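Asker: Produce the entire structure from the sequences given, and follow the hints as far as they go.
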Amino acid sequence: MRTLVRLPISQAAFAEIAAKLRAADYGHCFLTTGEIAMDGIAVEPDPNAFMPPGVVEVDPRHISRDRFREIYGLDNLGNDNSETR
Numbered sequence: 052m053r054t055l056v057r058l059p060i061s062q063a064a065f066a067e068i069a070a071k072l073r074a075a076d077y078g079h080c081f082l083t084t085g086e087i088a089m090d091g092i093a094v095e096p097d098p099n100a101f102m103p104p105g106v107v108e109v110d111p112r113h114i115s116r117d118r119f120r121e122i123y124g125l126d127n128l129g130n131d132n133s134e135t136r
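Under my numbering, the first residue of the sequence shown is numbered 52, with each subsequent residue one higher.
In case anyone wonders, no lab produced these hints; they're calculated from the structure.
For clarity, every value in this text was computed on a predicted model and none was experimentally measured.
There could be a bad hint or two in this list.
As the list claims (entries may be wrong) - Derived EDC-like pairs: lysine to aspartate or glutamate, alpha-carbon spacing no greater than 16 Å straight-line:
id, residue 1, residue 2
1, K71, E95
2, K71, E86
3, K71, D97
Answerer: Set out below in structure tokens:
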């Protein structure tokens, strides 16, 4: 008997795992539904990869307030006029 457990993970984590499996020619791990069967695969932390690929850590002290608002789309959230500059 075999049990298949579905463990929802972030899209970034899924993309990272999928890319590594494809790069290692493990295409047979992909189910017809798009999920990844990880039989016999152990996940371990990479000491050199603190963030998922494509994610950049930014020190907010090094960007302007206006740029911060632009990056996070804060001006699109509306304003209750209680914000101070």
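Asker: When you check the alpha-carbon spacing of K71 and E86, does it fall within 16 Å?
Answerer: holds, 14 Å
Asker: Please work out if K71 and E95 have their alpha carbons no farther apart than 16 Å.
Answerer: Cα-Cα ~13 Å, so holds.
Asker: Run the distance test for K71 versus D97: straight-line Cα separation, threshold 16 Å.
Answerer: holds, 12 Å
The structure fails none of the hints (numbered hints given earlier).
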